[in-house]
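Could you build all of it, start to finish, from the sequences and the hints given here?
Below are the chains, spelled out letter by letter.
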Amino acid sequence: MTDPTTAAPGTPGTPDAPGTPAAPGTPDERGHLDALRSRLAGSAAEAGVLDVAWTAVDSPVGRLLLAATEVGLVRVAFEGEGHDSVLDRLAATVSPRVLRAPARLDVVARELDEYFDGRRRSFDLPLDRRLSRSFQLAVLEHLPEIPYGATASYAAVAAAAGSPRAVRAVGTACATNPLPLVVPCHRVVRSDGTAGSYRGGPRAKALLIDLEATS
Amino acid sequence: MERFDRVVEQHGLTVLRVCRSVLPPADADDAWSETFLAALVAWPALPEDTDVEAWLVTVARRKAIDVRRGQARRALPVETLPEPPAPRAFDEVIARDDELLGAVRDLPHRQRVAVVGHHLAGLSHREVADATGVSHDAARRAASDGVAALRRALGPSPAPTVSERRASAPASPPPRPGGTP
Chain A
1 MTDPTTAAPG TPGTPDAPGT PAAPGTPDER GHLDALRSRL AGSAAEAGVL DVAWTAVDSP
61 VGRLLLAATE VGLVRVAFEG EGHDSVLDRL AATVSPRVLR APARLDVVAR ELDEYFDGRR
121 RSFDLPLDRR LSRSFQLAVL EHLPEIPYGA TASYAAVAAA AGSPRAVRAV GTACATNPLP
181 LVVPCHRVVR SDGTAGSYRG GPRAKALLID LEATS
Chain B
216 MERFDRVVEQ HGLTVLRVCR SVLPPADADD AWSETFLAAL VAWPALPEDT DVEAWLVTVA
276 RRKAIDVRRG QARRALPVET LPEPPAPRAF DEVIARDDEL LGAVRDLPHR QRVAVVGHHL
336 AGLSHREVAD ATGVSHDAAR RAASDGVAAL RRALGPSPAP TVSERRASAP ASPPPRPGGT
396 P
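Same order as they appear, the protein sequences are chains A and B.
Using the numbering used here, read the first sequence as starting at 1 and increasing by one per residue.
Using the numbering used here, read the second sequence as starting at 216 and increasing by one per residue.
Treat the hints as calculated values from the structure; they're not laboratory data.
It is possible that some hints are incorrect.
Sample of chain A residues at the chain B side, in silico, Cβ under 7 Å [claimed, not checked]:
{"no.": "1", "residue": "P24"}
{"no.": "2", "residue": "L36"}
{"no.": "3", "residue": "R39"}
{"no.": "4", "residue": "L40"}
{"no.": "5", "residue": "S43"}
{"no.": "6", "residue": "V49"}
{"no.": "7", "residue": "V94"}
{"no.": "8", "residue": "P96"}
{"no.": "9", "residue": "R97"}
Footprint (simulated), chain A over chain B, 3 or more residues, beta carbon under 8 Å [to be verified]:
{"no.": "10", "region": "321-332"}
{"no.": "11", "region": "349-361"}
What follows is a set of in silico ranges between Cβ atoms, one per label pair, in the way DEER data are often shown [what the hints assert, rightly or not]:
{"no.": "12", "chain 1": "B", "residue 1": "R284", "chain 2": "A", "residue 2": "T93", "range": "35 to 45 Å"}
{"no.": "13", "chain 1": "A", "residue 1": "V57", "chain 2": "B", "residue 2": "P239", "range": "32 to 42 Å"}
{"no.": "14", "chain 1": "B", "residue 1": "E217", "chain 2": "A", "residue 2": "R203", "range": "49 to 59 Å"}
{"no.": "15", "chain 1": "A", "residue 1": "D106", "chain 2": "B", "residue 2": "R320", "range": "43 to 53 Å"}
{"no.": "16", "chain 1": "A", "residue 1": "R39", "chain 2": "B", "residue 2": "G285", "range": "16 to 26 Å"}
{"no.": "17", "chain 1": "A", "residue 1": "D117", "chain 2": "B", "residue 2": "D281", "range": "47 to 57 Å"}
Backbone N, C-alpha and C fix where the C-beta goes; we use that ideal spot for every residue, glycine too.
See below:
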């Protein structure tokens, strides 16, 4: 653990606020700025100029970054991916109009809570698929067909996507799924039964398979 | 282009202190919010080499003046001459009018920067010129060409927000015979 009081300005982020330097100013000013930032997020959304809203939530697979455009959920990222660099890439590829704005992610956070509690088997959320290109999109769109609690092999998914020989490409498509958990790439495993690679790491993948098998 | 949440993080305190230096706390909050909302709208069009803090401080000073002027208007005694309704702040119009915002986004880069900087962020043509590294005349011309392009893009039938403001204009054409709305 690092001691936040010794962090120099510009030190990249606590999990709570990725990439934000230790803010200067008195505690009073900092608290006040937090309130002003929330108000800004609200008025920016209302004005239609909040292109990427994000928040971070705790989960059994670690802290998750959730980001949504006006279209829908655009990115779910695990802590190991570096929330700060994920947000930087969103700013570069989607829009630099990025603000922390938990309100747009309220429903996503609630559905994820229900999922981790074993009370939800599928997600009912508007998704923004712009980070996936043709083949990956074709693969990922088949994944919700794998029932909750079941798994499918990379080869089976390749066949379902109409490219039975593209097993390796399916592996890549799943390993770089921009919407893990919500688009269930964790249900795709190797033909020999081992888990295969996962953005959130092998332990997270095993935890999810186990959660679904026992809920 | 820097993420806007970082811009707020890095410069929020400076802007708050600028606003508080000229306004009481609640009004300072309004000016702070107006400043960052205008900056957020302008952000994708802002040239990479802009001195962001100087630009924000300039916008904040303008917004603080707007807030104070707004109070002066409200403080007028009722027996003074009736004033026409205050024009809506350009950023309020732009923020609520998707059609206009879309047209602004479609402007060529130079015009968009000039229109957003001058009409939205409230900078003078000189300040837009300094911030973007063009001449004063070029900034003025780009803003004027941009507004003309917006008028053309938004067509002869005025958008609702525009018609609202034109409703009381003396030059409005007479209603057609038959009185269709």
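Status of each hint after checking the structure:
no.	hint	in the structure
1	P24	holds, 6 Å
2	L36	holds, 6 Å
3	R39	holds, 6 Å
4	L40	holds, 5 Å
5	S43	holds, 6 Å
6	V49	holds, 5 Å
7	V94	violated, 11 Å
8	P96	holds, 4 Å
9	R97	holds, 5 Å
10	321-332	violated (count 0)
11	349-361	violated (count 0)
12	B/R284 - A/T93: 35 to 45 Å	holds, 41 Å
13	A/V57 - B/P239: 32 to 42 Å	holds, 37 Å
14	B/E217 - A/R203: 49 to 59 Å	violated, 34 Å
15	A/D106 - B/R320: 43 to 53 Å	violated, 28 Å
16	A/R39 - B/G285: 16 to 26 Å	holds, 18 Å
17	A/D117 - B/D281: 47 to 57 Å	holds, 49 Å
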